[in-house]
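K.L.:
Listed here are the chains, written in short residue letters.
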Amino acid sequence: MSDVLKWDDIQLFGDLLKADAVSRGVNIRIVMNTRFQYAFLSLMFPEMGVQGSLASSIWLESAGKKYPAGTPEFCLKVGSMIRHRGLMANLSLRENLLLPFLYCADDDCLQKAKQEVDEVAAFLELEGLDTQAGERSNYTHALISLGHCMLQKPDVIVAQEVHVGMTPDRFKRFKNKTREALETSGAGMLYLSASTREGSGIKFVRTHEIVDDSVPDVSGIW
Amino acid sequence: MCKSCLIYYFVMQDTCNSCDAAYKHGMQTWQSYIEGWHWRAERVGEFTIYLFNGVIRFGHLLWDVLGMCLKMQWLSRPAVTHVVIRQIYFTGIQGLPWVLFFALGAGVVAVYNIVVFAQQIQDLSLIGTLMNWVLIQEMAPFMVSIFLLARSGVAVVTEIGNMHVRGEDAFLRSMGVHPYEYLHLPRVIAFAVCGLILTFLFVAVSVWVGGLVVSWTQTMNFFEYFLEVRRGADIEMLLVMMVKGLCFPMLSCMLLLDQACRAGRNPNQIPIRATNGVLGSLILMVLLDVIWVLIRSFV
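Protein chains in written order, with the numbering used here: chain A, 421 to 642; chain B, 61 to 359.
Quick caveat, the hints were computed from the structure, so don't treat them as lab data.
Everything numeric in this text was worked out from a predicted model, so none of it was measured.
The C-beta atom is built at its ideal place from N, Cα and C for all residues, glycine as well.
Take these hints with a grain of salt, some might be off.
As the list claims (entries may be wrong) - Some chain B residues near chain A, calculated using beta-carbon distances under 8 Å: (1) Val225; (2) Arg226; (3) Gly227; (4) Ala230; (5) Val237; (6) Tyr242.
Here chain A stands alone, though its shape is the one from the complex (with noise of 0.2 Å):
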């Protein structure tokens, strides 16, 4: 049985969040502006120790149990991609990748991830692996963000517009790539855009819009 990411209706921001489900093969998009994402975001995976009351409004059920957001738990279970938090600069790349792993005490799928990382890596083409990360550019925290989903193979990933801000060539890369670890895997996606039009190529089964009218419309300005 698969995990499946849940929520009550939530009032986020003067506006209603229906419940809703994401499990393996369901794509779901909330739209709303970036500050509100990331406010989304901060109530997923808060400070450790530190949960909201919103934020047990969300909660992850995985064989029959239930995991607040937040929780240790909820975090490993739950992949991300979060937009330019894809990697700790002063780590390597193979690292980076491996970080998850090297952190939960678990050595079977330690070394299950040893194994796969040249794989992933050579899928994503990532050079270099075992040089130090540095300060590197979107594209390279998108694909290191992918590669953690591909290692850990969650059934529900949460994802931001990682792709915002790449040249056209590396986004299309990037897309391809993607779209094609998600059908391999057949994770569901719970997936916070700025807009409609955000050009993931994704399928959503079911869009919620949370509007803000505090929030000035300074479309036409440019």
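Dock chain B against the given chain A, drawing on the hints supplied.
P.N.:
Quick look at chain B alone, frame taken from chain A:
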């Protein structure tokens, strides 16, 4: 108000022009005086709240990190143990030549001066006592802690501050990695362990090389010197040195980490936080030492 004005007031139900101006001027002076005191009270209040919040935040950090350390789960996590080893290497191994240099300089000079002073007042029994009180209990833990602050402390604030600016704490959380366990705990362990070991080395090098210098300059026979040092040494001295050598660097590191986390997403805050952290740590060490002395003098 003058008598005529009082009359003027009763007759006209008002004050005369000159007295009205003086009254207004007096009121303005009084108002600005009161505002001045309000401003001072506000600053004192703000500082008190700032200090109180800082103490609470520091207490939480201390509680969380020590709790994680004692739970020992970090030992089974290769990601954390790798960082611990790296931090011990950076703080302890790479810092060792510098601590030895300080011991050979400041420590040996202190020992030599103590011996010369004891000889001048013709009381050799003071050698052990002074060595115990000045060098082992006070100077060694302080020198090592200040060295660690200057070398590794600034690096800690800069590194962790930059991680926060780049949003790596959020990345760690999204991976299910506890930032305190992965970022803070290894640094605190490295500071505590290296602080303790380096303090021991500082004392050992100062006492031994100091003894050799004293005998080489024919100030005193080495064995006689060693006998006096041995006479002044006791187990309490060792315990105090160990507690200070462990706690001073550990608490300093926690204060530095607390400051580093407060940099937020603003890179301009990093140098400010580094300065605050180092100065705060120095003040913390001095305060702890004063408290220690007061406790000892009363108990």
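K.L.:
Any CB of chain A closer than 8 Å to the CB of Arg226/B?
P.N.:
Holds, about 6 Å.
K.L.:
Hint validation: Val225/B versus chain A, beta carbon distance must be below 8 Å. Holds or violated?
P.N.:
Result: violated, 10 Å to nearest chain A Cβ.
K.L.:
Does Ala230/B hold up as a contact with chain A if the rule is Cβ-Cβ below 8 Å?
P.N.:
Constraint on Ala230/B satisfied, holds at 6 Å.
K.L.:
Any CB of chain A closer than 8 Å to the CB of Val237/B?
P.N.:
holds, 5 Å
K.L.:
With chain A as the partner, please determine if Gly227/B meets the hint condition of a C-beta pair closer than 8 Å.
P.N.:
The hint holds - Gly227/B has a Cβ within 8 Å of chain A, the shortest such distance being about 5 Å.
K.L.:
For the hint on Tyr242/B, does the least C-beta distance to chain A fall short of 8 Å?
P.N.:
Holds, about 7 Å.
When the structure is compared with the earlier hints, a violation turns up for hint 1 alone.
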